[in-house]
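Turn these sequences into a full structure, and let the hints steer you where they fit.
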Amino acid sequence: MKRKLLSVILAASMVAACLAGCGSDAGTQETAPAESEAPAEETGEEAEASGTESSGAKKLVFWDKAEYVDEYGSMMKAVVDKFAEEQGVEVDYVNVPSADMKQKLMAAIEAGNAPDLIVGDDTLVGQFASLNQLESVDDIMSEYDFTEAALKVGLLGDTQYMVPQAFTAPGMYIRADKWQEKGLDMPETWEELKEQAKIVNDPANGFYALGFAMGASGGGDAEGFCRTIILDWGGQTVDENGNVVVNSPETVEALTFIKSLYDEGLISPDAVTGDDMWNNQAYLAGTAGVICNAGSIIASMKNDDPDLLAKTQVIAYPAGPKGCYTLGGSNVFGIIASGKNVAEAKDFIRFYYNDMDNYEAMIEVMGAMWQPVINGMDDSEFWQDEMNKPWLESSQQCVKTYYPAPSDDRAMTCFSSQLCVKAVQEMLINGATPEEAAEILEKSFKEVYEAE
Amino acid sequence: MEKMKMKKVESQTVKDKRLGLILMIPIVLVIFIIMGIPLIRAIYWSFTDKVVGSDPNFIGLKNYIGLFQDKVYWKSLRNTAIYTGGCILAKLLLGLLWAVLLNQDFKGKGFFRTTLLIPWALPGMVVAMTWRWMYDSTYGIINSLLLGSGLVDMPVAWLSSPKIVLYSAMLVNIWRGVPFFMFSILGVLQTLDKQVYEAATVDGAGIFKQFWYITLPSISPVLKVTTLLSTIWTFNDFENVWLVTGGGPLYASSVIATYTYDKAFIQNSLGQALSVATSVIPILIVMMLIFSYFNKKEQ
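Chains as they are written, first to last, in our numbering: chain A, 1 to 452; chain B, 1 to 299.
You may find that some hints are simply not true.
As the list claims (entries may be wrong) - Within a straight-line C-alpha distance of at most 20 Å, the following computed EDC-like cross-link-like pairs (lysine to aspartate or glutamate) qualify:
#, chain 1, residue 1, chain 2, residue 2
1, A, 446, B, 70
2, A, 302, A, 177
3, A, 443, B, 70
4, B, 71, A, 263
5, B, 163, A, 426
6, B, 62, A, 450
7, B, 163, A, 263
8, A, 340, B, 55
9, A, 65, A, 135
10, B, 75, A, 426
Simulated from the structure, these hints should not be mistaken for laboratory data.
Owing to the predicted nature of the structure, the values given are computational and were not obtained by experimental measurement.
Quick look at the structure:
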């Protein structure tokens, strides 16, 4: 009986080990399902052996965010090859889908084989800065002529932790054909958008006027939308001194507005489980009339659905009663502090920015999806083009996703935890009133900001 | 003489046992290194404030106290019980029914066997994405059929209603898992001697009596093993729930595996995530003991 008991306990423990595997190397690899999807030159596993090769040559491991535009991958690969050749450094260049970057990186850091250099969204890479995993890049930031907005991107406290690669300002995508069909002008305020949405909305025929995702399974689109509305209505989550000020009449009004969009059936009910892909898919499937997104969806339409692209108009974010904010993102370089080749990683970033012609070409090849972070590029023919100019202007007006809170780990934690989304879900799922949702928000923010 | 023979047999048995133990050592060592060490580390970290890349600091029971005061944890635990229990029961009954049907002689049996294997053979990601599309309240085929047939007036919110969403995820797990039960049971059914059934028929036993007294006892061992294995897999199922519902909305379909992920990768707290995972070890052990008890009783 004792042996049987022992064997049962052992077996159960093994099962639990699988469950508890997020603390083990094997388990974390299971949570990174998209290796086969990565259009990578090499897989993550191949890139594990960072550091110095047995031949003695340095080996830089570089995980780059997979982009929708194929030319970007080949251009960056060319930079990598040139760097490797000129510097005598072997480089493992790996394209990692954005959705998998965080899990893969966490697993790699825990396993002690983190890449040396990464490129990713600032909100994602910033989380690793707040976890003290990034090397300071103050030296690099002082060597190049970054724009004023770019200088704020990677700043955490008084230290620069991320080198911006490009702004990825969001725009509002509207099905212009549907709006024109009803004789409507492009909306300039959120209220106007809502009234127009009521006219265009046609759920009986599978078309919802708005496509704002509200799922809390990671990503930043939904949280960004909620915070934009709160700011546009005059509310703030955390003020510039780090005080939690979210529970205000302005926030309650903002939450009331957000709730009304769902209550009045202008957005598909599935939005409450929708992630960052959901709004893209809904728009591409022709079931949503308006979404807020970065420029990546344009590339997708160019390749897969030019007809839809022709029916689409991209406009600036509408204004609220108290302002018009655009929460902008950017792609950034981050150097992992525990990486084995920090110096080589810095050298690569310098190498990248030393060739400004190539940088400009890379920005332009991304269409207007990317906006430059270096001064002096605004006057080019490309950015003077009427199609591209609004994106550049949008990037210059963007504020950080946690504006106006100070740049610190608490701000990052609150954003990545999607506190605003969860408060909105409380209204939509559990029937909380906007006042109650604001109280929930205040409590959630204070738990982070007032933690020991 | 008889005594000496007995002694020789006993000595041989001891030798066999010793050899068995020696042969087991390598695999036990491998299992310990691959699973035991991470498990011990995971349990230790569940008592720490571990976050990615930092050294863990021992904080005693703080994570567990926080966990037991956490409503979402209890909701996830309850959902896990419903998810596991409901899925296993449905997979068992449907698998049994299909296996019995497929064991009959009829035209096109091969076709059905192959077709019914497809859900089991498909990658989890493909299954989840396909079902998400089917469930979609705007363009999903399920709502389209229901509305078209007049069974419902409004699209059913398969993925957004907190009352339904867990069952939507369960349906996907059941759809995918039935073939495992079906083929395991079918394998045993095909080895059963038809003469036994003929004899039972002559003795006046009807279909239900034949099933109860002949079929069920024959397939009982395989039923137990498949149920145990499937229970473990379903209890730990992350992929299906996460890809179909993301554990939402507002944790309505959150299970222990997805909540662990949420704590680790969204809230960036490995220590708390591991306390969630570790907290269910006693439940798994109790499940194993119950299985072991019934197995021993039968033997």
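Results for each hint:
1. For the suggested pair residue 446/A and residue 70/B, the alpha carbons sit about 17 Å apart, so the restraint of at most 20 Å is met.
2. A hinted pair counts as satisfied when its Cα atoms are at most 20 Å apart, and residue 302/A with residue 177/A qualifies at roughly 17 Å.
3. In summary, the hint linking residue 443/A to residue 70/B is supported, as the alpha carbons are separated by about 15 Å, within the 20 Å threshold.
4. Between residue 71/B and residue 263/A the CA atoms are separated by roughly 26 Å; this puts the pair beyond 20 Å, and the hint is violated.
5. Under the criterion of a C-alpha separation no larger than 20 Å, the hint pairing residue 163/B with residue 426/A is consistent with the structure, at around 14 Å.
6. A hinted pair counts as satisfied when its Cα atoms are at most 20 Å apart, and residue 62/B with residue 450/A qualifies at roughly 17 Å.
7. Restraint check for residue 163/B and residue 263/A: satisfied, since their Cα atoms lie roughly 18 Å apart, inside the 20 Å limit.
8. Simply put, residue 340/A and residue 55/B have alpha-carbon atoms about 19 Å apart, close enough for the 20 Å limit, and the pair holds.
9. Between residue 65/A and residue 135/A the alpha-carbon distance is near 19 Å, which keeps this suggested pair within the 20 Å criterion.
10. At roughly 15 Å between alpha-carbon atoms, residue 75/B and residue 426/A fall within 20 Å of each other, so this suggested pair holds.
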